[in-house]
Amino acid sequence: MSFPMDEMDDIINDFITEATEGLDLLDQKFIELEKSPGDTALLNEIFRSIHTIKGAAGFLGFQQMVDVTHVTEDVLNKLRKGEMQVKPVIMDAILQSVDLIKIILGNIREKNGREENTAPVIALLNDISTGKAAAAEPVNQTAPAAPKKAAEEESRPKAEESAGAKDQSIRVDIDRLDSVLNLSGELVLSRNRLMRLGSRLSESGISQDLHSHMNEAIAQLDLVTADLQLAVMKIRMQPIAKVFNKFPRMVRDLARQTGKEVELVLSGEETEMDKTVIEEIGDPLVHLIRNSVDHGMEMPDEREAAGKPRCGRIGLSAYQEGRNIIVCVSDDGKGIDAARVKKSAVEKGLISQEEAEKLSEKDAFNIIFIPGFSTASKVSNISGRGVGMDVVKTNIARINGTISVDSELGKGTRITFRLPLTLAIIQALTVEAGREVYGIPLSNVIENIRVTADEIRTIEGKEVINIRDRVFPVVRLGSLVSGCSEAAQSEWKYIVVIGIGEKQFGILVDRLHGQEEIVMKSMGEYLKGTEGIAGACITGDGNVILILDMAGLLAPAVGGYVH
Amino acid sequence: MLDQNMKILVVDDFSTMRRIIKNILREIGYNNVDEADDGTTALEKLRAGKFDFVVTDWNMPNMPGIELLKAIRSDAELKDTPVLMVTAEAAKENVVTAVQAGVNNYIVKPFTAAALKERIDLILQKVNQ
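Taken in order, these protein sequences are the chains called A and B. Residue 295 in our numbering sits at position 295 of the first sequence, with consecutive numbering throughout. Residue 53 in our numbering sits at position 53 of the second sequence, with consecutive numbering throughout.
Hints in this document: simulated from the structure, not taken from any laboratory. In this text the structure is predicted, and so the values were computed from the model without any measurement. Hints are supplied without guarantee of correctness; some may be wrong.
[Claimed, not checked] Simulated DEER-style distance windows between Cβ atoms:
hint : chain 1 : residue 1 : chain 2 : residue 2 : range
1    : B       : ASP3      : A       : LEU177    : 37 to 45 angstroms
2    : B       : GLY49     : A       : GLY106    : 38 to 46 angstroms
3    : A       : GLY22     : B       : ASP3      : 51 to 59 angstroms
4    : B       : LEU122    : A       : GLU7      : 26 to 34 angstroms
5    : A       : GLU279    : B       : ILE28     : 52 to 60 angstroms
6    : A       : LEU25     : B       : ILE28     : 28 to 36 angstroms
7    : A       : PRO120    : B       : ASP3      : 33 to 41 angstroms
8    : B       : VAL108    : A       : ARG114    : 37 to 45 angstroms
9    : B       : VAL108    : A       : ALA306    : 42 to 50 angstroms
[Claimed, not checked] Part of the chain A face toward chain B, derived, beta carbon under 7 angstroms:
hint : residue
10   : ASN13
11   : PHE15
12   : GLU18
13   : ALA56
14   : GLY58
15   : ALA255
[What the hints assert, rightly or not] The calculated lysine to aspartate or glutamate pairs, modelled on EDC-like cross-linking and capped at a C-alpha distance of 16 angstroms, are:
hint : chain 1 : residue 1 : chain 2 : residue 2
16   : B       : LYS22     : A       : ASP14
17   : A       : LYS308    : A       : GLU263
18   : A       : LYS503    : A       : GLU304
19   : B       : LYS22     : A       : ASP10
Built from N, CA and C at the ideal position, the CB exists for glycine as well.
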């Protein structure tokens, strides 16, 4: 085609977006199809998706994509016409080709000019559609009459369904959204400053009338800013289905690879959260679900012997709880054996024998988050080589989330993420230590307690504090961050109890300033790679303070706790 | 003979395809082009405004191209509108069904600008005779 170059680039970008969306939906549909192989409507939809991609790819000259979609379409056509029946072997082949189509689409996206070896997949699908492959025994000729009729019915218009369903959405470049978010953030800062100034006006002796007008205007600004912030946040929100939808396919493949029977039950897919958070939780979830299928689930016979249904169940759910989103992966597999985890950790030298004996069952579960730990006696290529759970934890902590493990031997395991709704605007506790003010993300804070200096005890050379019969390790924020250990010589100190993953710490600070809604600014190149600093912000009184990344800051302490 | 202002409706559920076809139409001189994402919306648009020509895809959800064609032919106002069907394969049974339903011509994807121009010219020639 001889379109202008930038128009062509635009069309190709459109194609990539549209085809990617179509392919993502396909995975979901294939899983449904396996559950109801006779669903002609579903087959028609799948056929149409591939067909459409092929059509556009032809125009754009993506020959490899045309070749692969073409043979896939042939097989799908036979399936929807009832000339062949949906079988796992055929599904495997089709899924393989869809994967290949995705790879080719990836090559197009990256403009790397790479050619994939499409021959094996094309040959396989050709064999299936021509009946050469063993999988494709033609169906008994009496059978297909019924599905054919259904196909005809399907092609009739469903007027009432489509009448008012016009697409009311537009695609916007994410950079533009980010700049709106940024601006609304700046507005929050100005509002905060204005509110501070407003409260000081009364002391400055201006007329009562002017003062009340001023306050009215500020209150109005406050209201509008809050609404705007919410509205902007909502623009960036996406349903978590975006991540969840890839798992049915993954679980299906894993189950087939391991010879297990597993059903994935999704719930709360419509729960919305910030795009950034959604992007960050994908990998951790992949890891957890792999673990569930690979380590958690027993073989069908084993399950039956234990009095469980042969088919295991993995639940993946999401829901909102206040300013948090809870994402939960649960299974009804064999559960985590706390004793075995401890034994393994001792053998690997991660903890000492005495430490192992002291650990409660719940604490023992947390050992799985230590780098270098893996309970699987044989390493499989599904769950990897024990590089996983610590990375999962780090990734979740990076987005200010926490993670907790519940497990009952023989009954199953439940892993829960508690995630923030958004990353850009956070609630922070401002504290003072070593003459500096810092912000601690409120999502990390469990509680604040006022203590006297002598309530802090030393056990085995480490400072701890006893709060309601629970002992917490104490970290002095002043010496940790600025190296200035003591500042305000007041009688009272404050302990901020922080939760990082499952671990809890008491952070010792000199003073608590308050809770503030802050807009986090990246430190850019200046402090890139500085552990423990998440960013900076301007507070209501116009000062710049550092926001602490508690997970990074306490990383040495977290490790030290176990050793 | 070629009316550059001829108002054309492009019907396809895949927005990239609509864009491609619109570009090709522009290339051969037709700039007055509107689009619809399936048969149902196409019918609404056709009934709402005067269109001189329809280019429609075959395979679409809700209302496939063939149903759109039948609806156009059975509508007193629209029945004379020329329809060009875009298909991915020159599958015989499809072509026969389409001709029986009164399609003016069809074109197989992917096609060049020259091929599309040829088809459109052919249709207009016959219609104008």
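Hint-by-hint comparison with the structure:
| no. | hint | result |
| --- | --- | --- |
| 1 | ASP3(B) with LEU177(A): 37 to 45 angstroms | holds (43 angstroms) |
| 2 | GLY49(B) with GLY106(A): 38 to 46 angstroms | holds (41 angstroms) |
| 3 | GLY22(A) with ASP3(B): 51 to 59 angstroms | violated (36 angstroms) |
| 4 | LEU122(B) with GLU7(A): 26 to 34 angstroms | holds (27 angstroms) |
| 5 | GLU279(A) with ILE28(B): 52 to 60 angstroms | violated (43 angstroms) |
| 6 | LEU25(A) with ILE28(B): 28 to 36 angstroms | holds (34 angstroms) |
| 7 | PRO120(A) with ASP3(B): 33 to 41 angstroms | violated (51 angstroms) |
| 8 | VAL108(B) with ARG114(A): 37 to 45 angstroms | violated (29 angstroms) |
| 9 | VAL108(B) with ALA306(A): 42 to 50 angstroms | violated (59 angstroms) |
| 10 | ASN13 | violated (9 angstroms) |
| 11 | PHE15 | holds (4 angstroms) |
| 12 | GLU18 | holds (5 angstroms) |
| 13 | ALA56 | holds (5 angstroms) |
| 14 | GLY58 | holds (3 angstroms) |
| 15 | ALA255 | violated (31 angstroms) |
| 16 | LYS22(B) with ASP14(A) | holds (14 angstroms) |
| 17 | LYS308(A) with GLU263(A) | holds (14 angstroms) |
| 18 | LYS503(A) with GLU304(A) | violated (37 angstroms) |
| 19 | LYS22(B) with ASP10(A) | holds (14 angstroms) |
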